[in-house]
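Novice: Per UniProt numbering, the sequence shown runs over residues 1 to 169.
None of these hints come from the bench; they were simulated from the model.
Do not take every clue at face value.
For each label pair, taking beta carbons as the anchor points, the in silico distance ranges come out as [to be verified]:
(1) Asp126 - Asp51: 23 to 33 Å
(2) Asn158 - Glu120: 28 to 38 Å
(3) His27 - Arg61: 14 to 24 Å
(4) Asp28 - Ser137: 38 to 48 Å
(5) Lys64 - Asn160: 31 to 41 Å
(6) Gln104 - Lys168: 27 to 37 Å
(7) Asn42 - Glu138: 21 to 31 Å
(8) Val29 - Arg79: 30 to 40 Å
(9) Gln104 - Thr8: 12 to 22 Å
(10) Pro141 - Asp41: 21 to 31 Å
(11) Ser54 - Glu94: 17 to 27 Å
Bear in mind the structure is a predicted one, so any value in this text is a computation, not a measurement.
The C-beta atom is built at its ideal place from N, Cα and C for all residues, glycine as well.
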Amino acid sequence: MDFKIIRTQRLTLIPATPDLFLFEQNHDVFPECIKEVTIPDNWPPEAMSEDVISLFLNLARENKLYTYYWISEEMSGKRILSGSGGFIDLENGEYELGYSVLEQFQNRGYATEAVKAMTEWFCGHDFKKRIIAKTGSENTPSIRVLEKNGFKQSDFDNENDLWVYLYKY
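Whenever a hint applies, use it, and build me the whole structure from the sequences.
Specialist: Quick look at the structure:
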């Protein structure tokens with residue numbers, strides 16, 4: 001698997017390794033890959049609870065998680081951790097896309113840019129599986145990100161009250 005850094009026009013996407021998740025849990029050993037990166041005070045995003053970080057650490061160790069930390073390249077040359085996202089290998093053979101952006105970096109197109117790059121990376125590998133994403137009907141920004149990147153609304157998850165979007169490639 002070619003799971004390495006992705007560069008876009010304004011972002012550097014760093015593969016999230018178990019070391020990064022251990023740092024998130026313990027805040028002690030600073031991973032080399034983000035030594036020169038500014039970490040905002042409100043990191044991690046709200047969706048990254050301690051339980052989610054533990055789950056992601058376990059999935060990464062099992063090679064069932066392909067996710068990235070997004071570093072924005074500011075005009076000043078400063079590199080700032082701004083979001084994260086990627087794919088979870090689900091038991092049913094699908095991959096679920098998820099992403100989160102810190103509040104101060106929202107509405108700048110970073111999620112659209114990152115999702116495009118991650119989806120292109122995914123399609124460039126021989127996964128031969130479906131990509132799904134779930135979002136609430138009220139989450140208009142997330143719906144726009146998905147639709148701009150070729151995801152189509154396909155189903156409704158009644159149990160979690162979320163729309164299911166499908167990426168066809």
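Novice: Confirm or reject each hint.
Specialist: Hint by hint, here is what the structure shows:
Taken as a hint, the range 23 to 33 Å holds for the pair aspartate 126 and aspartate 51, whose Cβ atoms sit roughly 32 Å apart. Here the CB-CB span from asparagine 158 to glutamate 120 is close to 32 Å, well matched to the stated 28 to 38 Å. Taken as a hint, the range 14 to 24 Å holds for the pair histidine 27 and arginine 61, whose Cβ atoms sit roughly 19 Å apart. Distance hint check for aspartate 28 and serine 137: the Cβ-Cβ separation is about 41 Å, which falls inside the suggested range of 38 to 48 Å.
Our hint of 31 to 41 Å for lysine 64 and asparagine 160 is violated, since their Cβ atoms are close to 20 Å apart. With their beta carbons about 34 Å apart, glutamine 104 and lysine 168 fall inside the hinted range of 27 to 37 Å. For the pair asparagine 42 and glutamate 138, the beta carbons lie near 22 Å from each other, so the given range of 21 to 31 Å is met. Restraint check, valine 29 to arginine 79: a C-beta distance of roughly 20 Å breaks the suggested window 30 to 40 Å.
Between glutamine 104 and threonine 8, the C-beta spacing of about 19 Å keeps the proposed range 12 to 22 Å intact. Against the hinted window of 21 to 31 Å, the Cβ-Cβ separation of proline 141 and aspartate 41 comes to about 22 Å, which satisfies the hint. A hinted range of 17 to 27 Å for the beta carbons of serine 54 and glutamate 94 is consistent with their spacing of about 22 Å.
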